Amino acid sequence: MRFSRNYFILSKLGIVGFMVIGFISSLMAQEISLLPKEIISAIINEISGEKALQAEIMLAPFERIRKSEEFTNQFWESTYIMKKAQEYGLEEVQLHTFPSKRPLWQPIEGELWLIEPKKKKIADIHEIAAVLATESQSAEVSAEVIYMEHASDENDYRGKDVKGKIILTTDPVSSVQQIGVLEKGALGVISSINNSPELPSDVVHWQSSNIAQKGEPPLFGFSISNRQLKEMKRLLQDHGQLKVRVKIKAKFHEGREEVVSAIIPGTDLKEETFVLVAHLFEGISKQGANDNNSGSACILEVGRCLVQLIKKGIVPPPRRTILFLWVPEISGSIKYLEKFPEVARSLIGGINMDVVGENLFKTNAPFHIYRTPHSLPGYLNDVAENIYNFTVNTNRTTTGYKPSQTITSPSGSRQNFLCWMDDFDSGSDNEVFVNRQIGVPMIYFNVHLDNWIHTNRDSPELSDPTQLKRAGFMGAAITLIVAGAKEEEALKICAESFFRGCSRLALCQQKAHNFLALSTTDQIHQAYKKAHNLVTQRFDLEIRGLSSCLTLAPANKSVVNYVNDGEKTLLHKKQLAIEKLEKYYHTLCKLKGVSPLPIQQTPKERELSTLIPEVVTKEVSPPLNRVSRGLAISDIYYGDFEVFNFIDGKRSILEIGRAVDAEYFDEGGVPLQYVEEFIRALEKAGLVKIHK
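Position one of the sequence shown corresponds to residue 1 (my numbering), numbered consecutively onward.
Honestly, the hints are just simulated from the structure, not real lab data.
These figures come from a predicted structure and were not determined experimentally.
Ideal Cβ positions, reconstructed from N, Cα and C, are used throughout, including at glycine.
Here are the in silico distance ranges between beta carbons for each label pair:
| no. | residue 1 | residue 2 | range |
| --- | --- | --- | --- |
| 1 | LYS339 | GLN237 | 48 to 58 Å |
| 2 | GLY686 | LYS247 | 44 to 54 Å |
| 3 | PRO217 | ASP522 | 55 to 65 Å |
| 4 | CYS502 | GLU127 | 54 to 64 Å |
Taking lysine-lysine pairs in the DSSO-like style, the calculated list, with each CA pair at most 27 Å apart, reads:
| no. | residue 1 | residue 2 |
| --- | --- | --- |
| 5 | LYS530 | LYS568 |
| 6 | LYS83 | LYS311 |
| 7 | LYS214 | LYS249 |
| 8 | LYS233 | LYS118 |
Just need the whole structure built from these sequences, with the hints factored in.
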């Protein structure tokens, strides 16, 4: 057979083509990250989900009644964490003890018996610790039971006599006590708040009791399962009357809180600090395996992993100090930062690990990495997203795709990593650090929504060493990138932040155009104003985020020039985006048969543009929820937090309102009147002053 010259040329081109395709495919299969491949591989091989799970089991094998000595000496969790941190080679391991206004509650006995129409034990704290509402006071009574589905509102008591009785209800213990016990004369509360169809009927939720004030009767409550509630209701229906006996013995001790700290010392930039925080306590009675001994165990394992990588010479010691904090949730972070303001000033970023160890398929809940709020944007979000993408892509299976190195644990699951990068959320220690009073960018790891937390079933049985390994890997990788970043790495992070920002800007512009296109003729002018603000605020956000990269190399000319050029590029893109949106608006107006209108301020907006709020409180974490309670802003998820965080003594109320409205665009935005009302309430509470 004869072959033409063209055949041989095409054949060679084909071979080259396959080689190019193969090369590109291999690059794609490498899941490019901000760390070199060999460092990534070393972290994956060193970080242990098994060790993290073992630590979690040691911290919370089951929820137990604490021994008496823990109330006068040191809590078991603090002792264990300190011992392991020292064993793992972390340095300056310390216990910090802080006084607390809230006394320590020690339950000794807690039994609930049905005595009529038959004798049966319903609850015992030495079988299930969660059955006795925390801070219940000593009591020994026998009384009739009255069932009230709801008992938290005055109207619930119409036509009912609860005096001298024990209320059986589906409302929380503490809310029922306020009216039912203190006002109506009931003796106590038996509550079941397990109404989730996703949970087994024998789950018991942790609940709390109010502490009786001087002159008030002892307050107590029991938490029972939905199955037990149904059984008691059935007996009540069949026999017409139930009688129970309560026996509670409890002590109160002087209040205290414990924080454990440790470090991996930095080298040439040791005065700068990157922090990993997890709450070791959420009260001292509830000892959930996942919430939050999984987070505490995971940052401990991150510390062990990093020390080993340094000892083996795989990575150099970090330039910046790495601080590990195990705290009572929120209050412990506040007290530590108040005691060590120099540490607070040294912080450049951090990771908060809350619930991180759960088996996502058992609990039917995804893993989330929450960004910093819009009031505190930064490169840390982009570093986290880079590692997040790597981790998700190396732990998914799909047709024609095989990851280069999966992250799984020997006894753990093998499923895809169900993980999302999400906008700011709080309710954990991150809210203390990102609060404007501290102003530290912090990302937040958490499994949410999880129906098992705060119940008696939050046990190691629901944990997964693979998930602990994945969370630990991400934590270790992000920490190494930031704590070890030199000028070259800082430049790499700048580029990462710039291009990820450009991607977000493209999506934002698409959203703004779609929002405008969906508006009616009557809405189009207001929709244009809102879309214009959305795009403007997003560009300002990304410019501030890019500028934050200078934290890593403030004196390096190459990095400074790159950031400055990036800012100029974004400002130019902003102008083009605004022009494009305006043309789109004019075109839509023409199609709808209406005349376009220029964006103008209302009289109210002009007034608020002249008012500049300034924070005057020195509190690390001001009580914003107390100020916002009853105000419209409280209906916006963490809207009050962000309004306060945007107050910098430079922005007007109008500018703050526009920023928050854009941040909550997907939730419908935040009306300017909500923002003004809340800021004026802050001024009335003495937290801010408003200047003209």
